[in-house]
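Colleague: Chain residues, written in single-letter form:
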Amino acid sequence: MKTTTFLSFTLTTVLSFAAQAKPLSYVGGTMVMQENDETGHTLSLDYTFTPTEAFGLYIKQEENGKQILMLTPEFNTLLKRWNLPDGQGNIFNMTGAGLAHYRDNNQPCLWTAFLADYESRRWFFSYEPRFVWDGDIEKSVWQRARIGVAPYLANYNDLNTWLMLQVDHHPAKQDHFVVTPLIRFFYKTYLFEVGYSSNQHIMVNWQIQF
Amino acid sequence: MQKHLITIIILFGLTAAISADTIKATVNGMVCGFCATGIEKTFRAQPEVKSVNVDLENKLVTIETKQGRTLDDTRIKKLLGNAGYSVVAVARQK
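Going down the list, the protein sequences come from chains A and B. Per this note's numbering, the first sequence starts with residue 8, numbered consecutively. Per this note's numbering, the second sequence starts with residue 960, numbered consecutively.
Just so you know, these hints were derived from the structure itself, not from any lab. From a predicted model like this one, the values you see are computed outputs, not experimental measurements. One thing to keep in mind: the hints can contain errors.
Stated by the list, open to error - Pairs of lysine to any residue residues, derived as SDA-like cross-links and limited to a Cα-Cα distance of at most 25 Å, are as follows:
1) A:195 x B:1053
2) B:1018 x A:164
3) B:1036 x A:159
4) B:1000 x A:92
5) B:1036 x A:91
6) A:87 x B:985
7) B:1009 x A:159
8) A:195 x B:983
9) B:983 x A:58
10) A:195 x B:1047
11) B:1037 x A:159
12) B:983 x A:91
13) B:1018 x A:159
Work the whole structure out from these sequences, hints included.
Modeller: Following this line, the structure appears as structure tokens:
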């Protein structure tokens, strides 16, 4: 089995987490997230150590373009939160610096992203621009937006269901604009998403908090 | 008569001291299961707390303390603040 295929398989089946959910939990909480979509496979494992800061590990195997493997420590910061009677708004920054690997070439890499979201029990909106510098391998900017609606209002002990639409714009990839309708299931601290993108890739994301 | 009065006062004091509190905090920003879990775990880690329940629909966190133990409002606001939420009001029942 090729190394890349093995890495992708491992990331997909064993690691999986980063589902466009919040990059922080509560103080002392650990969060594992994985995202598998048309951009590749992402894993992040974060520990929240203050109300506004989390530290973790970020691994991404990119696809649909250069197959770059990134491995970086990750630092997530809550820059601003609005607690409203019927919702919550946030602005986060996520930043990592580490190594990028592409065709036997290792380069230092750096990435940073901002995530703005608003969520009520009925509606969800998010926007995330991301800037990636993989040394001599690639420099890229991409952005992602999401809108979601809950068809019914669920309480904590119920299964939450969300219907969502995700739009990605990544000029460095083969498909610049990708639209992905998806369905999100959420039960207590378990989140699972599945979708199908306009460039015919299956999306499977999951997240666990403990 | 004075002896009886002292006994009553002592008994009343003891009853108050060993009773538990039911605290209802109205909280802004609670919208999802992850919010609820964070709040539950935060309060369950406190030695004074017997049980905690999060009601997303009514924006209520209900905390029941152990017999003879309590949590003051400042601490409740701090714990909920550290979990990422804003307290609007705190109501208590003995």
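Colleague: Hints first: check each against the structure and report whether it holds.
Modeller: Tested hints:
no. : hint           : result
1   : A:195 x B:1053 : violated (30 Å)
2   : B:1018 x A:164 : holds (14 Å)
3   : B:1036 x A:159 : violated (31 Å)
4   : B:1000 x A:92  : holds (22 Å)
5   : B:1036 x A:91  : holds (16 Å)
6   : A:87 x B:985   : holds (21 Å)
7   : B:1009 x A:159 : violated (32 Å)
8   : A:195 x B:983  : holds (21 Å)
9   : B:983 x A:58   : holds (22 Å)
10  : A:195 x B:1047 : holds (24 Å)
11  : B:1037 x A:159 : violated (32 Å)
12  : B:983 x A:91   : holds (18 Å)
13  : B:1018 x A:159 : holds (17 Å)
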